[in-house]
Amino acid sequence: MSLRVLLVEDDRELCRTLKDAMTAEGYDVFTAASLSEGFALLTGLGARSGGPPVDLVLLDLGLPDGDGEQLLCALRQKHTVPVIVISARESDGQKVRLLDAGADDYLVKPFSIRELLARMRVGLRHRGTSVSPAVTRYAVGALNIDLGTREVTLAGQPVHLTPTEFNLLARLVRSAGQVVTHRQLLADVWGAEFTEHTHYLRLYMAQLRGKLEENPADPQLLMNEPGVGYRIIEPQG
Amino acid sequence: MIPLPGIDASADFWPAHLQRAWRAIHEAATSGTVAPMTDDDPLSPRRPARWPWAWAGVVWAVAWLLMLGLDRHIGLAQAAITLVLASALAAIWLPLVSSLLTTTAAVLAFDWFIVPPKHSFSVELSEDVLLVIEILILSWVVTALLARGRVLAARARRSARHADQMRRLGDALRDAEDPLQRGQALREALVEVMGQPARLLLLRDATTPPADEAAASTLGDPGADELVGLWHCVRLCRAFGPGTGHEPELPALYLPLRGTETAAYGAAVLPLGPGAVITEDVLVQAQALCDQLGQLLHRARTQRDAESANALAQAQAVRNALLAAISHDYRTPLAAILGAASSLRDQGAKLAPEQRERLTQSIMAETRQLSRLTDNTLQLVRLDAPGVKLNLDWESPDELAGAAIERARRHDPERRLKVWAEPGLPLVRCDAVLFSQMLENLIDNALKYSDAPAPVELHVRRHGEHIVFAVRDSGPGVEPAWRERIFEVFQRGDWRTGSHNTAAQRGAGVGLAVCRAIARAHGGDLQLRPRSQGGSSFECWLREEEAPRVEERGAPAAGGPA
Chain A
258 MSLRVLLVED DRELCRTLKD AMTAEGYDVF TAASLSEGFA LLTGLGARSG
308 GPPVDLVLLD LGLPDGDGEQ LLCALRQKHT VPVIVISARE SDGQKVRLLD
358 AGADDYLVKP FSIRELLARM RVGLRHRGTS VSPAVTRYAV GALNIDLGTR
408 EVTLAGQPVH LTPTEFNLLA RLVRSAGQVV THRQLLADVW GAEFTEHTHY
458 LRLYMAQLRG KLEENPADPQ LLMNEPGVGY RIIEPQG
Chain B
118 MIPLPGIDAS ADFWPAHLQR AWRAIHEAAT SGTVAPMTDD DPLSPRRPAR
168 WPWAWAGVVW AVAWLLMLGL DRHIGLAQAA ITLVLASALA AIWLPLVSSL
218 LTTTAAVLAF DWFIVPPKHS FSVELSEDVL LVIEILILSW VVTALLARGR
268 VLAARARRSA RHADQMRRLG DALRDAEDPL QRGQALREAL VEVMGQPARL
318 LLLRDATTPP ADEAAASTLG DPGADELVGL WHCVRLCRAF GPGTGHEPEL
368 PALYLPLRGT ETAAYGAAVL PLGPGAVITE DVLVQAQALC DQLGQLLHRA
418 RTQRDAESAN ALAQAQAVRN ALLAAISHDY RTPLAAILGA ASSLRDQGAK
468 LAPEQRERLT QSIMAETRQL SRLTDNTLQL VRLDAPGVKL NLDWESPDEL
518 AGAAIERARR HDPERRLKVW AEPGLPLVRC DAVLFSQMLE NLIDNALKYS
568 DAPAPVELHV RRHGEHIVFA VRDSGPGVEP AWRERIFEVF QRGDWRTGSH
618 NTAAQRGAGV GLAVCRAIAR AHGGDLQLRP RSQGGSSFEC WLREEEAPRV
668 EERGAPAAGG PA
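Protein chains in written order, with my numbering: chain A, 258 to 494; chain B, 118 to 679.
It cannot be assumed that every hint is accurate.
Simulated crosslink set (PhoX-like; lysine-lysine; CA at most 25 Å straight-line) [stated by the list, open to error]:
1) B:K565 with A:K366
2) A:K468 with B:K535
3) B:K506 with A:K366
4) A:K276 with A:K366
5) B:K535 with B:K565
Treat the hints as calculated values from the structure; they're not laboratory data.
On a predicted model such as this, the values are computed, not experimentally measured, just so you know.
Chain B extracted, bound-state conformation:
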């Protein structure tokens, strides 16, 4: 016998036919064949078969042989004990009523055949009357106790079986990877209980289900009528069909997959054979199995909701911090612009031409700062969005560097900018607008944080399999503790080693953060390397890719000097 956890210990003490039945159940359960798992299941009342009666017959036959055969050698008391023993043994196999009737018949026969006077129901001695009555009562009590025990044992087995089935379904549901696999596991469990394949409707989401095919998936191809019933069951979140107290005339049982008292995450339809009777016990077990899946789906959904709420709160916090940092960055140039403009309006006549010129210059410079800040913020938000798409094209490193320098020159009156590119660099694949923005930011930064007349250089060179764009300044450099943090949006503070450049009081936060985001969006990275002779080198590393070839055949054959 195949051992079953928690049940096999007592199994050896069970009568053979129960063991056989149990083995059949277990085989059916483990092999997955479609067979009713019950011997005492009222749905299939075929089992109380010939064999129990045969065993009982044998017992009674032996007992009567003993009693009649040894009549002359044993006393009335011994014969009575034999009868009680036979009655008790037969009661093991026979149903209660049969057992009681058989026992009564046997006691009457005992009175007829053995109690003197024989072949008469009258009893000679008054103590024998007591004996016969006692035998009858004793046999009845034993029979009743045995029957009661049998009922309890059957109930315990059923509970154990149901518990085991619940546990196995739980395991299967946990192991399943998608809702359809889970539904399949539930179907297999329901087949064990009902002996008929179930059909399922599973909702993708359990929010006021519409009768919409897209919102749910089905298993086992329910018919159109069944589908209507399933949706109805989901909406009402209530079982109906025979045995449920609702619409008992239906040919099938509809059970909701309940996640909570009022929310169903799907429904199962269990077709019933003609004339089949559903007991309370089977109904409860089937509903429990369905609810197990329902609760699992409910838990998953609750967890999902909690996670998304959490993510939303986090995103909100990040956004708030970003907005706070940005509005701080905006306020400074705005204050400068407003100050200069109001000064020009209110005191314009009193100011010297040089003062007026300086105020105008200040307005223009601060406006440029605001414009840059706006571009960077927009870009940061764009790059942060999921599924951002770059306008990738083949670009020449020389041109990218040249364009950035040309723009930066407009606000480099001291002409500190130098650019150098290694000859013969390959094309790089990048988004030219974004990449130029990164280079301009880095150059602006370098101009801002290093004092004139120290030069700012843009170097482009090949390094192994990478093209490196380096913006190098000879400023005071960055404190080691700040070398990573300056790339974070919200970090601000004076990270420079002892300079009094006022521009540095404004965080470079958004600017460097967007630079790194751009480098990473290109599959590269942006790093800060301190220079040996002082200053910083911001280096963008891009992996070299093989550019498409150029064929001369595309050129029109025009004349001219060659």
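Chain A with its partners taken away, still in its complex shape:
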């Protein structure tokens, strides 16, 4: 049975293009042009399958009848279905808010189909990881990270990380390929009362880059999404 995707997008042209592209990749695509239609579809599909209504949701922010946040919150109450937010450049603040509220990733319009499909794959791979962390080993290039034993090696040589550095790295690895917002990182690594201390993040990320990247100003591993958060690149294979 093919994977089911709910696409909530009010622009008809974009909606059809995306649907065709995803159908061509073998996804079963349901489209909704408004929030209410999205809710109706989720309810109907959920009742039919008994489990999660769909396998992935693509959620546009500029909907005619309300805020995409409502749909996300309603969905998050029952399921851990991956949600990817589609936003225009001018709705930056809303995008970060949705990520903090539990969305898995975001795409800024305009985006290419290749980008979309890559993000969808990452999202699907992470399905259910918030319940039981599936990723315990991470390998990219010469870097190997074992979250279980807390060991980090670069080209076979052990890398010494402080506990905070390791926790930060581990948090990113658990969402490898997905953006993790500043707020989420600060809350998970330092604690909820540190969510405004972005300068902590800057300094620890700089230290991590110094230890793991060849040229810290030209990172290949720990990517910065300005104004949103950080992303560690997706492991190969």
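Please build the complex by placing chain B on the supplied structure of chain A, with the hints as guidance.
This is chain B only, laid out in the frame that chain A set:
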């Protein structure tokens, strides 16, 4: 006596009591004490006091002493002249009617005591009859002339005083900084005229005034009734109260502050004492003072309207020019996209796979161009709006540079991009999204205007108290005449020194303009510096700020390799 401009020259020739009165007026006016400024003001008819009568009495007494005492030594003619002289002198002090009566009495007495036969009203000689009649007529004429002169002098003084008061109010209004101070100046002027403190209502704006407290301010705490009257006065733009011909039974005078015939910018209420009578003259002066403030407010408003209309027209012109420039920038990529797409649809089957691939690539590249243009335009409009708020946060210069490079790499197939950051740079305070947009624009620009395989470099270094982000290319460089103008939105043209890069035909207008706007919104600046070995360096200078400290205590004590 304190000299008053325009009045003191003649003042010395005035009778002493007038000088005294004038001094009192002037003292009252200059010290600001609340006292009626008039001696002949009908509102306060107390002044024609004992003294004038005393002076007149003295004159007549001396005259009669002379006439009776020297009766035997002087002739009838001399006595008659003395009488005329006394009559004229007394007329200086006495009111017209009193003066005429006194003079008549004196002539009768003259006939009785001096004209032979004495102690009889009959006259002996017929020429003496003529003399007595002539004396009477002459005295009356002199008295009347003097009285007339006095009235004219009083009127002139009043006019001078009113003119002076208007001038002083004008000065005070000009010097005042806010409407309330102006209202205060008007109140002081009205106190001088009326002898009673006035209360004012001043509108903030004179557009069909609602009876709304927020739309006006008051001075002198008018009562609730008075406030209603003031609003009524403003709405009708008409004076009412005693002497105005409208609602004369009111206990106070309501005067509008008229800016034009039909628009009042406020109103004044002048409470009147019981039994007070308002003369035309006082009413006119009080209304003139009120109108002076009204007209000032009217002028200020007209000027404000003109200025805002002007600013609006200018903004409109700028916006139109911006829209024209932007729509021009949009048309080019749109034409390319439409051309490529229609070619794919209509000739798709006839095209070689490489040709189709090239058309698809063109569509994607032009779309990216449009997307960038849209972002830049939006940002430019946003930064241009008043009170724009940046999402400032502490950012690492390395990361900003890295993010920009990573994005730019997606359209840098030749991998010409190099990035270098000085180690140990401090955090900078900026809006990461905006700042990345600026760096991406600059890198895009450098890639577009320099030909492969010349490298494009992003350097971040410390320079004194600044962090400098420099995007450097080895292109043909920018003509000196264009080094400032390329940052202006509407400038376009080929500023490069002899290159044939087709991309350069499209203005970079919006892109560089938004870059500079972003740098300046951060309190920094963006400059173009020509490189010694050719090419340009676009440099964004940001002032270094002290970042907050990081304390290790925030880290949870987890195990692991340390």
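A quick look at each hint next to the structure:
no.: 1; hint: B:K565 with A:K366; result: holds, 23 Å
no.: 2; hint: A:K468 with B:K535; result: holds, 21 Å
no.: 3; hint: B:K506 with A:K366; result: holds, 23 Å
no.: 4; hint: A:K276 with A:K366; result: holds, 16 Å
no.: 5; hint: B:K535 with B:K565; result: holds, 15 Å
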